[in-house]
Amino acid sequence: MQAQVNPMIRSTGIWRAGLFGAGVLVLLSTQANGFTAYVSNEKSNTVSVIDTDKFQVVKTIKVGQRPRGIELTKDGKFILVAVGDDDTIEVIDTATHEIVTTLPSGPDPELFTQDPAGKILYVANEDANTVTIIDLEKKVPLGEVQVGVEPEGMGISPDGKILVNTSETTNMAHFIDTQTRQIVANVLVDSRPRFAEFKHDGSELWVSSEVGGTVSVIDPVKREVSKKITFDIPGLRKEAIQPVGVSITKDGKTGFVALGPANRVAVINGATHEVQKYLLVGQRVWHLAFTPDEKYLLTTNGVSNDVSVIDVASLRVIKTIQVGELPWGIAVSQQ
Amino acid sequence: MIRLLLAGTILFAWTSASADPVEIKIGYLRGPQPRTSISLLDIPPENNGVAGAQLAINDNNTTGKFLNQRFSLEDVQLNDKDDPAAAASSLAGRGISLVLADLPAAALLKAADAPGSQGLLFFNVGAIDDRLREEDCRGNVIHTAPTRSMLADALAQYLVWKQWRRWFLISGSHPEDKLYADALRRAAKRFGARIVQEKVFEDTGGARRTDSGVVQIQRQLPVFTQGVPAYDVLIAADENDVFAAYLPYRTWDARPVAGSAGLMPTSWDASHDQWGAVQMQERFTKLFSRRMTARDMQAWSAARMIGESAARTRSNDAKAMFGFLKSPDFALAAFKGQRLTLREWNLQLRQPILLTDGRMIVSVSPQEGFQHQFSELDTLGLDRPESKCKLK
Chain A
1 MQAQVNPMIR
11 STGIWRAGLF
21 GAGVLVLLST
31 QANGFTAYVS
41 NEKSNTVSVI
51 DTDKFQVVKT
61 IKVGQRPRGI
71 ELTKDGKFIL
81 VAVGDDDTIE
91 VIDTATHEIV
101 TTLPSGPDPE
111 LFTQDPAGKI
121 LYVANEDANT
131 VTIIDLEKKV
141 PLGEVQVGVE
151 PEGMGISPDG
161 KILVNTSETT
171 NMAHFIDTQT
181 RQIVANVLVD
191 SRPRFAEFKH
201 DGSELWVSSE
211 VGGTVSVIDP
221 VKREVSKKIT
231 FDIPGLRKEA
241 IQPVGVSITK
251 DGKTGFVALG
261 PANRVAVING
271 ATHEVQKYLL
281 VGQRVWHLAF
291 TPDEKYLLTT
301 NGVSNDVSVI
311 DVASLRVIKT
321 IQVGELPWGI
331 AVSQQ
Chain B
336 MIRLLLAGTI
346 LFAWTSASAD
356 PVEIKIGYLR
366 GPQPRTSISL
376 LDIPPENNGV
386 AGAQLAINDN
396 NTTGKFLNQR
406 FSLEDVQLND
416 KDDPAAAASS
426 LAGRGISLVL
436 ADLPAAALLK
446 AADAPGSQGL
456 LFFNVGAIDD
466 RLREEDCRGN
476 VIHTAPTRSM
486 LADALAQYLV
496 WKQWRRWFLI
506 SGSHPEDKLY
516 ADALRRAAKR
526 FGARIVQEKV
536 FEDTGGARRT
546 DSGVVQIQRQ
556 LPVFTQGVPA
566 YDVLIAADEN
576 DVFAAYLPYR
586 TWDARPVAGS
596 AGLMPTSWDA
606 SHDQWGAVQM
616 QERFTKLFSR
626 RMTARDMQAW
636 SAARMIGESA
646 ARTRSNDAKA
656 MFGFLKSPDF
666 ALAAFKGQRL
676 TLREWNLQLR
686 QPILLTDGRM
696 IVSVSPQEGF
706 QHQFSELDTL
716 GLDRPESKCK
726 LK
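Those sequence lines, one after another, are chains A and B. For what it's worth, our numbering labels the leading residue of the first sequence as 1, then goes sequentially. For what it's worth, our numbering labels the leading residue of the second sequence as 336, then goes sequentially.
It is worth saying that the hints were derived from the structure and are not from the lab. We treat Cβ as the ideally placed atom computed from N, Cα and C, and that holds for glycine. Misleading hints may appear alongside valid ones.
Claimed, not checked - Cross-link-like lysine-lysine pairs, in silico, DSSO-like; alpha carbons within 30 Å at most:
1. B:Lys725 x B:Lys661
2. A:Lys59 x A:Lys77
3. A:Lys77 x A:Lys43
4. A:Lys119 x A:Lys138
5. B:Lys621 x A:Lys43
6. A:Lys228 x B:Lys654
7. A:Lys250 x A:Lys295
8. A:Lys253 x A:Lys277
9. B:Lys513 x B:Lys524
10. B:Lys445 x B:Lys725
11. A:Lys319 x A:Lys54
12. A:Lys43 x B:Lys497
13. A:Lys238 x B:Lys360
14. A:Lys277 x A:Lys295
15. A:Lys139 x A:Lys119
16. B:Lys654 x B:Lys445
17. A:Lys138 x A:Lys74
18. A:Lys319 x A:Lys59
19. B:Lys661 x A:Lys227
20. A:Lys59 x A:Lys139
21. A:Lys295 x A:Lys227
22. A:Lys222 x A:Lys250
23. B:Lys725 x A:Lys238
24. A:Lys253 x A:Lys74
25. A:Lys139 x B:Lys621
26. A:Lys238 x B:Lys497
27. A:Lys222 x A:Lys295
28. B:Lys513 x A:Lys228
29. B:Lys534 x A:Lys238
30. B:Lys621 x B:Lys360
31. B:Lys445 x B:Lys727
32. A:Lys227 x B:Lys621
33. B:Lys524 x A:Lys238
34. A:Lys139 x A:Lys228
35. B:Lys445 x A:Lys238
Claimed, not checked - If you want the ones that stay clear, here's a sample from chain A, every Cβ over 12 Å from chain B, calculated:
36. Val91
37. Thr101
38. Lys253
39. Thr272
40. Gln334
Bound-form chain A, shown alone (with noise of 0.2 Å):
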């Protein structure tokens, strides 16, 4: 940017404050764009560090066997990743890039969310039909839920009284209240349900359906699927429309679903729930994540290897990024 500046408006010093100022405003962009994402790549068994601002990855942090369901605890100080080959799931330091600790998660993690608080965490063990509950401060189990067959995906309601899993082969959206430990509620949904969002104001609740080929808006108060979205797109085969990952604009006017082997992100309507638009990005788009200004969209893309940088403001990919191997899950600082 400092090129463009023109080279003639440095001989007065009224411009030359003026330069100064322009610097400043430079400076605090680049610091304001400066977020890190974490790719967890499944078979490289490391996490790639993404430097936002460069859009490239900065370092590779090895981890434990099959990294998958990644997030930072919300005082950003450390990075969660499920490691679902050995059972646990490992805690980063963000600073040092170390591992530090690892969390009593029950047997094959794979997907886990917070309470908003960032004092517990609840984890979906695939192979056990459960869900685990764990203090993260004292890194200890605090219980676990009963629930379908293959839980996996995991969304908690703003108010964290509300945990949602849903599980893969009963194919339903399983309603605990985190108060009682109980289930409240299934709301069944098509078939392999992988992902649950909601909104940021809790009004909607969106499951994706990989097999299914479909995303479920849930009515979180009536507990029962108000709209089916379904996606077509021409010249490709519907059994290639696979929706996994989930992300919705925080003031919950457009939504994003990655939609697998069909290597498209759809751009979804958040009122109406109608498609807008389909981007291209790598191949078998698993996950998704926004930068905290949400400028920009993070995809993971497992087959061809890399992460798809989407310009919200102009639903337009901008760059891609390489990775480590078959990478899936995705998360970005919030400082």
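Given the coordinates of chain A, work out where chain B should sit on it, guided by the hints.
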């Protein structure tokens, strides 16, 4: 005839204080299965097939506890003298209207056509005969087992993709081997391969296991495969496990083997680990202390179809469930990387076919590039325009 009632292996505490759960009773009709095999590793387990159904019953019951539905399985083992029609009628008489049938084609037709079978819905989990989906199709029989032509096409697509287009075909002397050879010839023609030579391996009887058999086999097989025009791959059609497993490493020319040995097309293999299949394999192994077979998977799929339709229709009425399975809303998730649906013209479950060498999954068909106007899965097996099936 042996009858066994298998309640779910897990007893559920019914959280619902309301009405008694809705009962969904499933029958499992099976005939005697051959226990001979060339490799010790391939001896079919005694509960081959029915174990898959049991696992699905457990899975259905986990779902069922949220919907106040309870699934149970009655295992009926027929011997050679038992009449399948009478066994089916007897199930109907006991209020069972959903029947998983693991029977040879003729016995399955007898059961399905029995006057007492009216209102029964059968799931063919064992017989791969194309005729059951063609001239002998039935309006009350759904097929979760793939057909010979689906298996042959799945293999052929891969071999053609691999550019191994010149085939040497050895088929056994049993009627099923002839049918498999027919399916392979059709596949070769369909996908652009060429059979350069055919031979028949006569089954002259004799034991599979002998003390010094290996010495003879090592001398016989090279001679048997000698003097053949240039070929890329040897394909064996040997459904009774008489000779195919002897072929790898013993051919005159150094060529790979496929079909009934070497690279084999199948609906499931214990080594399959993609698309969440690991969970399934581990669940199965934990419950039965053995590995999961193709027949187990075919039975699991059928019992899961029942579970799925019971959950969606909130009913135990076979007619309502059948209606759902035939509707566009039905999709089965079965760890194959895409949804499985029914071919409405003959009630065959569409499915990808795995290609395994017995240790690993080498590939999964349909292969890239084999396109279809409706579903690429319909590039496997006889397609709608060529179907002879008229459902009644």
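Structure versus earlier hints, numbers of those that do not hold, lowest first
Going through the list in order, the structure violates hints 13, 27, 28, 29, 32, 34 and 35 and respects the others.
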